[in-house]
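Protein chains: 2
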Amino acid sequence: MREPDTKSWRGVQTELLRRINEREWTPGSLVPNEIELAQEFGCARTTVNRAMRELADAGLLDRRRKAGTRVALHPISRIVLDIPIIRLEVEQRNAEWRQNLLEKTSCVPPASITSRLGLDSKTTMLHVRSLHYADNHPFLHEDRWMNIDALPGVETVDFAAISANEWLIQNAPYTTGDIAFTAMNANKDIAEILEAVEGVAIFVVDRITWNKGEPITCVRLSYAPGYRMNTKI
Amino acid sequence: MREPDTKSWRGVQTELLRRINEREWTPGSLVPNEIELAQEFGCARTTVNRAMRELADAGLLDRRRKAGTRVALHPISRIVLDIPIIRLEVEQRNAEWRQNLLEKTSCVPPASITSRLGLDSKTTMLHVRSLHYADNHPFLHEDRWMNIDALPGVETVDFAAISANEWLIQNAPYTTGDIAFTAMNANKDIAEILEAVEGVAIFVVDRITWNKGEPITCVRLSYAPGYRMNTKI
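Chains V and L, in that order, are what the protein sequence lines are. Be aware that the first sequence starts at 1, since it is given in the UniProt record's numbering, and climbs by one per residue. Be aware that the second sequence starts at 1, since it is given in the UniProt record's numbering, and climbs by one per residue.
Since the hints were derived computationally from the structure, they do not count as laboratory data. Check before you lean on any hint, since a few could be wrong.
Any copy will do: because identical chains look the same in the list, a pair fits if it lies in one copy or spans two.
No more than 30 Å apart at the CA atoms, straight line, and that leaves these computed lysine-lysine pairs for DSSO-like [what the hints assert, rightly or not]:
1. 7 to 188
2. 122 to 232
3. 232 to 66
4. 66 to 212
5. 104 to 212
6. 7 to 212
7. 104 to 7
8. 188 to 122
9. 66 to 122
10. 212 to 188
11. 232 to 104
12. 122 to 212
13. 7 to 122
14. 188 to 66
15. 7 to 66
16. 104 to 66
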């Protein structure tokens, strides 16, 4: 076996991860303390501490001030999803992207929208709906409400020339967001737009973003039937 | 404004991130080079380099050896999903978890399973199906195939006493996995199991894990209608 480089914290981390993954240290068992590990690896105690920090953050180690550190009984799979702009997501599938702007109106949204954004129920917002295509097949329907007050000039943007999705990424910073994935039966309207049959199961993404507490936008993406969101562990 | 601590790489990173997020540096624009930034921040050039590395990895900066570093034109939203064991996912929703083991048989799986796992089409595998409940309502159906050769003793485990999901987490290390999220119309069998109507849209997770290239398990989780997978950006 190749000797790990246990002089660096990354080397130590790799070795600790190996012991956890290969069940050399079993779930729930007590891990040697930092002094013992530093001696074993011939490194500084701070190096061991640094190596353990991310493993604890990732839920693999359970650190208790007095009771010592244990291998987590219930490790969590942490997966990372990269969500590119829609045009790039289509192009990454080797398809040609285009969009068709279906609606751009300033109006008062349904109460469910304003309440989720924490806005007054009489707030006028910009409603933009667009159908994104992959190789001339509907790919997804973007149904978006934008906070006009937080987006100066947004009402004059030509969203037929640049998708709202792309314009926001380039022009509107955000600091936090909520995202939810769910499955829904397509209603008559969405089915028609996506050129699908009513009732077919579609993958739906609901997303709200804020900039330092100020609501920016809320969007529902309804993907055409058969869409799969893939990633790796 | 609070002065950032630009002596540490994390402090520099926070300040660079602020400039990107607040569009002080606009998408596509050239960023000052490391020497200039080190002078501005009064820190070592290596500190700037360290701060930029993760921003580049995260797709926020676009580094070119000779052309310099630019703010990415198409930043990617990177979201992190924590996938706990099913029992904990139910308990985190403040519900009581239990499972009902529906099937445990050793048999040759459909060719679609063996081919996805890269196994010979005549390989005998362990098929375990279980219904997980939240407060006595069906929560999800776990339909799992396990590689007997890679999991010594798996055929004798009492999966009514411990769910296959939990047993694997505690006993079977894995190094890599593929995961896919999709929406499906419930067929008659799944609808009956989930106490739902045929055709209802359900959220489905397909997952395959390997340990150093050896296939461990492939599972389909079919969630009861209305399930939402929530996370934060």
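Hint by hint, here is what the structure shows:
1. Taking the shortest Cα distances, residue 7 and residue 188 never come within 30 Å of each other, neither inside one copy (63 Å) nor across copies (58 Å).
2. In the homo-oligomer, the alpha carbons of residue 122 and residue 232 lie at most 30 Å apart only across protomers (27 Å), although the nearest pairing inside one protomer, at 44 Å, exceeds that limit.
3. For a Cα distance limit of 30 Å, the shortest separation of residue 232 from residue 66 qualifies neither inside one copy, at 36 Å, nor across copies, at 32 Å.
4. Taking the closest pair of Cα atoms, residue 66 and residue 212 never come within 30 Å of each other, the shortest separation being 38 Å inside a single copy and 36 Å across copies.
5. Within a single copy, residue 104 and residue 212 get their C-alpha atoms as close as 26 Å, which meets the 30 Å cut-off; across copies the closest is 51 Å, which misses it.
6. Taking identical chains as interchangeable, the C-alpha atoms of residue 7 and residue 212 lie at most 30 Å apart only when they sit on different chains, with a minimum of 25 Å there against 41 Å within one chain.
7. In this assembly of identical chains, the alpha carbons of residue 104 and residue 7 never lie at most 30 Å apart, being 59 Å within a copy and 47 Å across copies at closest.
8. In this assembly of identical chains, residue 188 and residue 122 lie within 30 Å of each other by CA distance solely inside one copy; the values are 28 Å within and 45 Å between copies.
9. For the homomeric pair residue 66 and residue 122, neither the shortest alpha-carbon distance inside one copy (55 Å) nor that between copies (53 Å) is at most 30 Å.
10. Taking the closest pair of Cα atoms, residue 212 and residue 188 never come within 30 Å of each other, the shortest separation being 38 Å inside a single copy and 47 Å across copies.
11. In this assembly of identical chains, residue 232 and residue 104 lie within 30 Å of each other by CA distance solely across copies; the values are 28 Å between and 37 Å within a copy.
12. Proximity of residue 122 and residue 212 under a CA criterion of 30 Å is satisfied intra-copy only: 22 Å inside one chain copy versus 57 Å between copies.
13. Taking identical chains as interchangeable, the C-alpha atoms of residue 7 and residue 122 are never at most 30 Å apart, the minima being 62 Å within one chain and 48 Å between chains.
14. Taking the shortest alpha-carbon separations for residue 188 and residue 66, neither the intra-copy value of 60 Å nor the inter-copy value of 54 Å comes in at or below 30 Å.
15. In this assembly of identical chains, the alpha carbons of residue 7 and residue 66 lie at most 30 Å apart only when taken from the same copy (27 Å versus 33 Å across copies).
16. In this homomeric assembly, residue 104 and residue 66 never come within 30 Å of each other (Cα to Cα): the closest approach is 60 Å inside a single copy and 43 Å across copies.
Hint violations for this structure: numbers 1, 3, 4, 7, 9, 10, 13, 14, 16, all remaining hints satisfied.
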